[in-house]
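Using the sequences plus the hints, can you model the full thing?
Chains G and E supply the protein sequences, listed in that same order. Position one of the first sequence corresponds to residue 1 (the UniProt record's numbering), numbered consecutively onward. Position one of the second sequence corresponds to residue 1 (the UniProt record's numbering), numbered consecutively onward.
One thing to keep in mind: the hints can contain errors.
As the list makes no split between identical chains, a pair holds if one copy fits it or if it spans any two.
Result set (DSS-like, lysine-lysine): computed pairs, CA atoms no more than 30 angstroms apart in a straight line [claimed, not checked]:
id, residue 1, residue 2
1, K70, K360
2, K227, K308
3, K215, K384
4, K308, K70
5, K73, K308
6, K377, K38
7, K102, K360
8, K138, K360
9, K291, K377
Read the hints as simulated data drawn from the structure, not as lab findings.
Spelled out, the chains give:
Number of protein chains: 2
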Amino acid sequence: MILEGRSNVSKRFKKVENGSVTSPKGYSATGIYANLRKKDKLDLAIILSEVPASCAAVYTLNAFQAAPLKITKDSIAKEGKLQAVICNSGNANACTGEQGEKDAIRIRKEVSEKFSLKEHYIAVASTGVIGELMPMDKISAGIEQLSPVPSIEGGDLFSKAILTTDLVAKTTCYEIVVNGKTVTIAGAAKGSGMIHPNMATMLGFVTTDANIESKDLQYALSDITNKTFNRITVDGDTSTNDMVLVMANGMAENESLTTDHPDWEVFYQALQMACEDLAKEIARDGEGATKLVEVQVEGALSDEDAGKIAKSVVGSSLVKTAVFGADANWGRIICAVGYTGVEVNPSLVDVFIGDIQMLKAGQPIPFSEEDATLYLKGKEVVIKVNLHIGEGEGKAWGCDLSYDYVRINGSYRS
Amino acid sequence: MILEGRSNVSKRFKKVENGSVTSPKGYSATGIYANLRKKDKLDLAIILSEVPASCAAVYTLNAFQAAPLKITKDSIAKEGKLQAVICNSGNANACTGEQGEKDAIRIRKEVSEKFSLKEHYIAVASTGVIGELMPMDKISAGIEQLSPVPSIEGGDLFSKAILTTDLVAKTTCYEIVVNGKTVTIAGAAKGSGMIHPNMATMLGFVTTDANIESKDLQYALSDITNKTFNRITVDGDTSTNDMVLVMANGMAENESLTTDHPDWEVFYQALQMACEDLAKEIARDGEGATKLVEVQVEGALSDEDAGKIAKSVVGSSLVKTAVFGADANWGRIICAVGYTGVEVNPSLVDVFIGDIQMLKAGQPIPFSEEDATLYLKGKEVVIKVNLHIGEGEGKAWGCDLSYDYVRINGSYRS
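Following this line, the structure appears as structure tokens:
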């Protein structure tokens, strides 16, 4: 269920324009050029917290989890705290066997030595080519050069250095007030850009100065990930390297946030909005995407059912190509609703593209093709489905499927 | 498990070149131009058996099952027998509510009257535009004109008339010997051609003169469908109209085939080969496809697991675009293996493209990029994955993802 009273709660958020992962108190960051793969591309980045931070993480479900994820899990397992995240682009360190794990451990060790941190306070993330060993000489030389700064610029460099073929950096920042203290939540992400010959990877990094225990943070992140990062699809492929990390260093000095704290809901909502912002930016910047598609499902038996249907519709290649072609092809939407296996009563379903209704109680109704085409030519397309059999609701985000997707992903590796 | 002794069994098949649904004894067929949508496109077709035939059917799992499927189920529910199948292309009669069902019932009635058959001996199939009412005047006039013939040409007209934007007709035919009698099994299918603004539909029609009870035929068809028609993917979308029908009219006069008949296995294998032929032709003729992709998985814990992985790999947009681009991107294959949820030990997996090994026991091994590219430029690409944790094996078929897929599916409805 969407939390009640969101409209009241929402007055207590402030969206911070141009915020970055260094906006919350006590964080510094940077991104540098370590020559890992491409010329003129920042490719090694770090976030550092002045003090150990509570942390939470979610990882890809792909059976072939890359080495850095294993090492990050190992770090977090010790105390549930992190003080630094090191991330490189250009090489995913995936399918690299024992040597890959040794390399990830070495990266963690070198960061530990450089910044005098406990090894298990360090997370490692990688994105890029798979099946190639890490160029460790360059990584080591890069780590030596890292000098994170607490300015917005430091955060911006971080958000750029983690990208692969993403076209734009993805950042978000909110402020809330928790028992009189200003708490800031910020984030950076990379999406499904593809460097030949690798695969889509989604990485998300959220920093906050909130005071909160790791277990509560993990509870919130797991729940929110299912409604945000897990509700985006570019091509349905789930990478070996996907990871979302949240650090909360407590420097806002609020009373510790727990699920029964009066301001829990505000914090939860702000974290959700930050994650949703990043997720939508990833979808909008999908390979070859020309527009963001949001699917809103209501009236399902459960929120879970609604989410399944929303993801099915937004992930359908036929729907995606129709949106690309600005074709109001509601039949494909219905088709994608129908093959989810979720309970549906076909004679009750309504379908809208934007505010234009096309199916009412399972029957096609006349609509203006011209208006629909005009709407579909916009940069953001909303598809609404109401099943009218329950109270469940959910959203999902994706992009259209264009010639450029085929070009980007079909070209020879270089 | 693949049945034992297939090599011995296979000597008892004869592939009949240029066979069609009229090749088995007692069948006639035709396809005519009823002006349902496009000029110069045959669009109304019938198969007729001299005597009522045992029948078996499998239907789409899509919640929005089209009207003709409901009427066909209704027919078969009575006696499990069919004597005719009427099929139109151009209009799917899907999402057409009560009127759609009335129209499908009327079609059945008109065929019944025209050919003096019991109504419940008639199956109805449709493919084409969804959400539009059937042009019943044209259909009725068309039914009046149908005059099926027992020649190969009649079967060929049928196989052409059921197509939508498929580029080629898909037929198959085998002969076997069952206790001294020649039994013929033939089939026709249409694939995922797309007429704007509809959706992919797969229809398969198999005729045989075998003597077999409906329940045994259904047992074989359900089992075989899971290994053939359910193992192809063009874009992962499952239509409202998908259906496979088998008719067995007994005119070969063999002893009734049951699962314990000494020739059961030969019959089963021939039916499987016929269905596999049709399924592969559908995959090869996927929209915009430039090549057929076959994924072979071995060493899984079960055949079901192997099938899931094979379908995941062949359905991955990233794998499909890589194959289109002749890019030996084994990382994407591994990725698609990893996100199925099926049990895998990453450190045991082997991956081959053609006969070129790229991953051995989870580790990348050197290979000639040049050889791989040359192989991938061919018209048929085989990808092999061995999990080395069990005896399960399975195959799946699909096609590459090309610019033309986007063009065909992204263009405005006309």
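Right, here's what the structure says about each hint:
no.: 1; hint: K70 - K360; verdict: between (49 angstroms within a copy, 21 angstroms between copies)
no.: 2; hint: K227 - K308; verdict: both (11 angstroms within a copy, 26 angstroms between copies)
no.: 3; hint: K215 - K384; verdict: neither (35 angstroms within a copy, 43 angstroms between copies)
no.: 4; hint: K308 - K70; verdict: both (29 angstroms within a copy, 26 angstroms between copies)
no.: 5; hint: K73 - K308; verdict: both (28 angstroms within a copy, 29 angstroms between copies)
no.: 6; hint: K377 - K38; verdict: between (35 angstroms within a copy, 28 angstroms between copies)
no.: 7; hint: K102 - K360; verdict: between (59 angstroms within a copy, 20 angstroms between copies)
no.: 8; hint: K138 - K360; verdict: between (60 angstroms within a copy, 28 angstroms between copies)
no.: 9; hint: K291 - K377; verdict: within (9 angstroms within a copy, 32 angstroms between copies)
Violated hint for the displayed structure: number 3, the only one.
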